[in-house]
Amino acid sequence: MKASEKYFGEFGGQFVSESLMNALGELDRAYEEAIHDEAFLREKDYYMKQYVGRETPLYFAENLSREYGTKIYLKREDLNHTGAHKINNVIGQILLAKRMGKKKVIAETGAGQHGVATATGAALFDMECTVYMGEEDMRRQELNVFRMEMLGAKVECVKSGSRTLKDATNEAIRTWSQTVEDTFYVIGSVVGPFPYPKMVKEFQSVISRESKKQILDAEGRLPDVVMACVGGGSNSIGMFADFLDDLSVKLIGVEAAGLGIETGKHASAMALGKPGTLHGMRSYLLQDGDGNIQIAHSISAGLDYPGVGPEHAYLRDSGRAEYVSITDTEAMEALQELCRLEGIIPAIESAHAVAYAKKQAKKMKENEIMVICLSGRGDKDVHTVIEYQKQQRR
Amino acid sequence: MENRIEQKMQALTERGEKAFITYMTAGLPDMEGCKALVKAQENAGIDVLELGIPFSDPVADGPIIQNASYKAIQLGVNLEKVFALMKEIRAEGVEMPIIFMMYYNTALHMGLDKFVEECIGSGVDGLIIPDLPLEEQDDLKEALAREGAPVLIQLVSPVSAGRIPQILEGARGFAYCVSGMGVTGRSGSFHREILRYLTEVKKVSKIPVMMGFGIEQAKDVAPMKEVIDGAIVGSYFIRLLEANGYKAQAAQEYCRTFKKELNGLK
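Chains U and F, in that order, give the protein sequences.
All residue numbers for the first sequence refer to our numbering, where the first residue is 1 and numbers rise by one.
All residue numbers for the second sequence refer to our numbering, where the first residue is 1001 and numbers rise by one.
If you are wondering where the hints come from, they were derived from the structure by calculation, not from laboratory data.
Just to be clear, a hint being listed does not mean it is correct.
Facing chain F, according to a computed beta carbon distance under 7 Å, are these residues of chain U, among others [claimed, not checked]:
(1) Phe15
(2) Glu210
(3) Thr277
(4) Asn292
Over the 12 Å line for every Cβ pair with chain F, so calculated as not near, a few chain U residues [to be verified]:
(5) Glu43
(6) Tyr47
(7) Arg209
(8) Leu216
(9) Lys274
Idealized CB from N, CA, C, for every residue including glycine.
Please put together the full structure from these sequences, using the hints given.
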């Protein structure tokens, strides 16, 4: 295999221990075979429709459009089974695991949505499932911990480092390198060593495939702007995928600015990050002066990651997509605005995209069109919202 | 051939002796204490020393080395300070080969050319980078193509299988065979096919074959003594140092005993 296939420009690659190299090669071969196999695709489509509930609506948000002054459509990934886009990827990977004869799966999780999705898929296909989750995230997302346990998964509490997604991922990688002979690692975002960024993108690209068709049906033309939030970047890559070649469509990825980029307490790998290697990939990372990885900060556990998928790094450098950031406060305001205007409680992650939509809309005309990926619902965040509101009142 | 590791390997082969290699995290318990430990180990007759450069996300390491790495970072240990330490060690007459065991990002962050220059200037003889498999080594190898640059030690795993000849082609110093799957410091968990795998490596390798990960005492490698040319101890050694307050004497005794037993294995 040529090295270039494993890279997006200078980003990506396979920075993992020797013990994983054969497994990654085997995974890539199995994946390529599967996605060219009609039977696999039929089975995947069946579960996407009957189990996940696809296709999801592309909803014209009339009130939000009036308020913000441009036409806004929401791609309702929050309506998927388990409440977010994460299940799209999990069904794909678990069916692949099944095809490869694996009976055990492991996963890392930040907000818990990928963990819940993996636990769900494992229950459906009768697999043993262990999810690695940082202690801090287990506290912030207690509800999702219970959900995973109800679904029969074992949740391993990770107490090293920042006790969030970064460290949960380290622990999952360590475990995988010990158990790779019989275990499938279900990575939840477009991160990690090749072929994960490629594979997760393919499984998430259903978001933009549907959206494109839906917007053409509704408006008879392509949107002017397509937008999604970016942590590792799976919902955004899924939302961008089918529009990448439509150069008239502006692609915007919204990272988490936490307390503000200038405070250093943020999760915007591409705002000030420098390329480096972590979790098997070369990409933009938050690092200190010694090349140690810095702790990310965001009110949203799902965006609280110091790196970003390698294809996003490439899209940024090539100028095809633009990356911006939104603070905790801006995201929480947008969350409440969407609740009141549209009766939709979004995940705090997705609220980052809604918050930037408000800014972007000011640069747009009334009849221009913006599509936002509403990647998940906010049920899991109610606890965080209550805490946030209490703090605001003080 | 000027490289200290290669000179040492050749001398050991000529004497029919097995190599004993230890790993310790750089800068623990502090810079002076670390220096004393290096000297004590050289006196005790270890053949090569691995110095671990602390990194925030050591995915190839188990809890013992993770904690040591974390502690070192808290103490402010970084690559620049370890280079300074190396210069002092060499100036004070330590002649044994020293290898940096590190994660790729630490070198990348410094810039590969500057990193290699510092290695040459401070007497670093080898590099072990567990998150840099063969396919990703081109950039570093290019930077290492200089007079006096350290050699890049190749790691082999029990599941490397068909990759073994490729990995060992052009490999220098010694082949580092990982004893099991996964991370450092899992005692008594050698891979079920360890002997078959080591034999496979030995057959292909033109350089000495070392075994590491999960080794505590010389007797642990007794079943492999006909196949391997030496043993590497990391996590257990760190645990021992911690239990003894990082006293040089404890390190010296352990190293002396291990080296003696390793070469007297029946």
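Here is how each hint holds up against the structure:
1. Phe15: holds, 5 Å
2. Glu210: violated, 36 Å
3. Thr277: holds, 5 Å
4. Asn292: Cβ of Asn292/U sits 4 Å from chain F, so the hint holds.
5. Glu43: holds, 29 Å
6. Tyr47: holds, 32 Å
7. Arg209: holds, 32 Å
8. Leu216: Leu216/U is indeed farther than 12 Å from all Cβ atoms of chain F, at 42 Å.
9. Lys274: Incorrect as stated: the minimum Cβ-Cβ distance to chain F is 8 Å, not above 12 Å.
Violated hints, listed in ascending order, are 2, 9; each of the other numbered hints is respected by the structure.
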